[in-house]
Amino acid sequence: MTEDSQRNFRSVYYEKVGFRGVEEKKSLEILLKDDRLDIEKLCTFSQRFPLPSMYRALVWKVLLGILPPHHESHTQVMMYRKGQYSDVLHALKVVRFVSDATPQVEVYLRMYQLESGKLPRSPSFPLKPEDEVFLAIAKAMEEMVEDSVDCYWITRCFVNQLNNKYRDSLPQLPKAFEQYLNLEDSRLLSHLKMCSAMSRLPYDLWFKRCFAGCLPESSLQRVWDKVVSGSCKILVFVAVEILLTFKLKVMALNNSEKITKFLENIPQDSSDAIVSKAIDLWHKHCGTPVHSA
Amino acid sequence: MAQQANLGELLSMLDSPVLSVRDDVTAVFKENLNADRGPMLVNTLVDYYLETSSQQVLHILTTLQEPHDKHLLDKMNEYVGKATSRLSTLSLLGHAIRLQPPWKHKLSQAPLLPSLLKCLKVDTDVIVLTTGVLVLITMLPMIPQAGKQHLHDFFDIFGRLSSWCLKKPGHVAEIYLVHLHASVYALFHRLYGMYPCNFVSFLRSHYTMKENLETFEEVVKPMMEHVRIHPELVTGSKDHELDPRRWKKLETHDVVIECAKISLDPTEASYEDGYSVSHQNSARLPPRSADVTASPYVDTQNSFGSVTSTPPSVSRPMSSTPGQLPPPLSSPAPRLSAEAPQATLWSPSLVCGMATPPTSPGNVPPDCSQPYSKAFGAPAGGKGTPSGTPATSPPPAPLCHSDDCVHAPLPPPTAAPPRKEERTDPARPCLHRQHHLPNDRGLEELPGSKGAVTLSDLPGFLGGLASDEDSIEKDNEEAAIYKELSEITTADTEPLAEPLVPRGGFDSPFYQDSLLGCPRKTPSATTSAQGASVHPEPLNASLDKLGPDTPKQAFTPIELPGGGRDQSPAGSGEHQTPLETRILTPSPFRVPSQRGAGFGSGQPPPYDHLFEVALPKTAHHFVSKKTKELVKKMPGNAEEACAPSASPLEVLDRLIQQGADAHGKELSRLSLPSKSVDWTHFGGSPPSDEIRTLRNQLLLLHNQLLYERFKRQQHAVRNRRLLRRVIRAAALEEHNAAMKDQLKLQEKDIQIWKVSLQKEQARYSQLQEQRDTVVAQLHSQIRQLQHDREEFYNQSQELQTKLEDCRNMVAELRLELKKANSKVCHTELLLSQVSQKLSNSESVQQQMEFLNRQLLVLGEVNELYLEQLQNKHSDTTKEVEVMKAAYRKELEKHRSHALQQSQRLDTSQRRVLELEAQLAKKDHLLVEQKKYLEDVKLQARGQLQAAESRYEAQKRITQVFELKVLDLYGRLEKDGLLKKLEVEKTEAAEAAEERPDCCNDSCSDPVRGHSDTVSGHNGETRPPRPGSTRGGGGRGGGGSSSSSSSSQLSTPEKPPTQRAGPFSSRWETATGEPSTSIPTTVGSLPSSKSFLGMKARELFRNKSESQCDEDGVTISSLSETLKTGVDMGMEAKTPLSPDGPRPAPPSPDSVGQLHIMDYNEAHQEHS
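Chains as they are written, first to last, in full-length UniProt numbering: chain C, 1 to 293; chain H, 1 to 1167.
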């Protein structure tokens, strides 16, 4: 109740008139003011609204469990995290897995591998596909988060979330993709099926890497807001929207290989619009998430 | 090729004279035909036949089986197309179809039929035409349904050929035309019989054309006079005729008979199914009417009748009718009836007949005028002129005709001469005779046409005349000589007349005639010259009458009667006797012989006769004066005739054929000059031509013969069927008779049964009566008994009512009794009660008395006491006052007490409220505290998790290090020298010790200790090599020291905990032991001072000071446990880490424990 009183009474009308996000920052600040942050509310918020970039890292860290909900312990926990980061980095350096010349992304990967006990015997061992996924995500993350410790931790937890929380739902996404594409544009779907391209679409790029490397980071982080806040379904809609946006080009292509190639390297200029539309589409099909409380 | 050669051999062997060889070869051929389905063999056979006309091959070909018929037909079709082989092919076809092969139905589809028709339409050779027409006529009944397609072809052929008969296109020999005419006549019959409507319409359309009118008048009309109106013309239609269903029911012979039925011509007609009567009538009438319409042959039967009757008639011409009756069984009756009416009925025809004479006289006169002996020449000439037919004009032609018209010529000769002579006599009877004469002719003609019959006949009646045979021969010869002589005499004018005579003789009928004539002559003792003259005369007559057109004399009658009439009067007188004899002789014999088993008796002799008769004649004809040759031929013929197995028919066929052959041979043998001499001698006609005509004639004759034979066969078939019907009818009659007998028997039975039935009925009625009486009796008895029963019943009812009355009375009485009893009891009861009351009242009275006494006593006492009371009343008031005061005081006391009490209550209540508020506060506090605790817990957990993850990371790091170390060790070991190894190892160890030191900067102490322990462990656990390399002393000591140091290091906070409480001291003792064994204590002690503990203490102190004191101990313990939990998670397990698996489980457990314990204890505290 106190929150409501502090809020601008016009906020209701802003939304009605179409100014979105005016009050969002404020409401987020209100949310963040709580000692013992309400994670559910944060989830709902980040699903409904785009996060202001200044709070994004904090919210992500909280949502990914890097920071506890208590403000008091933040510093301490962050200290722990940093310590862990430096320990691991040191260890890697000791065993000469990384050097100063090693690119930051690979350092993250090695650290992640070490922490998950999957460090190969030698740094020269070929990378596994999941490592590639990690690299892609880490690369995108590096762009979004400045601090390397934060970056490492967010990447690590993000990937862990993908591997644990979404382990079951990720393989279902292609099916859902087909379903929603059919709802949106069945002709396109039939065309794809005719070209037998459905099975060869870049699902790995879309759903395993969460469009890392596919969309520019500025728009990608809006997608990842949703992913971090617990909805991986947004990926499907982004994919659908990509196809819808480039429908004409896709329809013009008859070869499944060409289609795949094109989809793997889509033009970056319209990505913001794609993401906005995809989020709208997502809201349309899955309903606007409402905080149960 | 070998096979072909073989075939040739076989074929040549077929005609070998040895019978067995022939049979064998035939069998071989048949086998081959059975085995081989190809056309080759058949083709070869056909070729061979056409070449040689071998009988055996013919036999084989005509008996071909199903698959070969096609080849045969094809082959024949092929040959029919060729003019040269046409005739022989047609004759082969005729042979084949006359046998009615099983494949005859295929003929209608075979290409042969159209080509045959085409040939008939196009060909100009009369022989071929005649043969073809005969074949066609034979074929027609076999394929009646084929008419549909070819009907117009048939009609066209008919039209063409009939016009031929008249017009004689080209150089056709007259003599052939006679044959042709005969076949056309047969065709006419066949077509009219089979397709009357179509045919009539064809005739109508065809002969209404002017150019055909003459043909109709001359040719067709006469033909039509010999047919009845066909019933189909009335009932049928054109389409109906062609309907295959109509033909399906009819077999070939049925068709033939059908055709025969509509014919009025006795040679054609059949006499069954009641037609005979009409025939007789029609036949008989014409004679009456002087043969105006009917052919002379019609009345064969009549002739018999007449023949038999002739004797009387001859003697008494007018009374011939009665005399006729007895001898013939069937004929006389109709005759009788017919004759008289005929005269009247057929007056028109008579008129017609009358009308004719004028024409005939022209013919007759020449005949008459001619002397008997020299009849030929003059008559011929005469004939030619009167008949007015140009066809007859060429001398040879008429002669030939005369041959064909065998029948015709015969009678005239006999009749004519007499007639001429008898002209003086009144003519009536002669008329009759005239009819007979034609009849006779008919008889003769019939046999003549049916070859075999005549042959068989001949012996029959010749047998009778056997004695005269020789004389006949002689007569013949003589006759021939005479003829020749006469010819010679007349030859100058008519050279060709001569052949005529022999030819006439050549024909079998003619021979008969001549034979007949001869006997006639002998008895009559006429001169041989007369006999000779007999022959020519008929010829002339026939020539006159028939002209060239009809061999069968169908048309002759018209003229015949005339001639007959004219002649009859003349002839009757003089020649009655010869006539009689002549008539007598043939008829009786002929009838049986023709119809029945006439064949049986004298077959061989007739042949002999024939040959003797025929061959000389032929010889006579062709080589007129060479009797030697005749003699030569005779043996040859005799040989043939001797063939035992051959039927007369075959014999005849062969006879004729071989006759022709022999003839040919003879001719060939003759030197040309001689021939020429001969011929020139006789008239100079070219012999080769003559021979050819003769041969063709022979051929035609043979064809005709075969056709007639075919017809006969059909008749035979028909007869067989009829016979079967007769037999069946007889059987049915028998059956009927048997049934009738049975019926009679059954009727008898029925009568017997009826009688017995009546008896039984009587008995039954009697029994019924008896039963009735008994029943009546019984009924009366029953009635009586019933009456009795009713009476008894009534009685019983009465009794029952009485009984019931009694019962009722008894019941009433009983009731009364009961009432009385109750009354008695009641009274008794009342009595006892009364008595009791009485006693009671008595006792009450006593008491009353006693109480009254007491009352009195008490009254007295009361008075006494009242007196006393009045005395004592003043003392009571003082006492009451005192008591009141006491009571008041007491009340006051109590009141103050109550006040006091209420005050106390208030205070206590206030106190309670206070306490309750306090309680609520405390509860609230508790909740807050709980919340806070949880909050703290969460916070701690977050930190804990971070720490844990850090710890995990550390663990991983150490693992990596270990791995690395092990790796390095492995590498080291791989390197060769011990020393080097040692050196390196020490270095490595140092490096390893240094490294953790480096780490210590960032890492916490326990980590370092841990790493030390790890290294120590490594040193200890590595059994062989490290031990051996480092030695148990130095290194081992190092290890232990490190472990101890680690324990010291890891428990820097021990002292405070020891101070904290007894627990810790106890733990302390435990920690004195190897550090690894008790990890928990290590961590638990220092934590008391940790920030959590502090916080907790602060918290509790804030909330409630008083209680804190009380709960101090517990709180401390709680905080300790908390600490232990936290520490355990953070540090405590560091020593255990080397063991690997252990570290993981405790941490969650400890957290869980913490949670539970915390909560519970908090509860306890507050409660």
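Quick caveat, the hints were computed from the structure, so don't treat them as lab data.
All C-beta atoms, glycine included, are put in the ideal place defined by N, C-alpha and C.
There could be a bad hint or two in this list.
Stated by the list, open to error - Chain C side only, calculated, beta carbon under 8 Å to chain H, not exhaustive:
hint, residue
1, Arg-36
2, Glu-40
3, Val-88
4, Ser-148
Outcome of the hint check:
no., hint, result
1, Arg-36, "holds (6 Å)"
2, Glu-40, "violated (14 Å)"
3, Val-88, "holds (5 Å)"
4, Ser-148, "violated (16 Å)"
In summary, the structure is inconsistent with hints 2 and 4 from the numbered list given earlier, while agreeing with the others.
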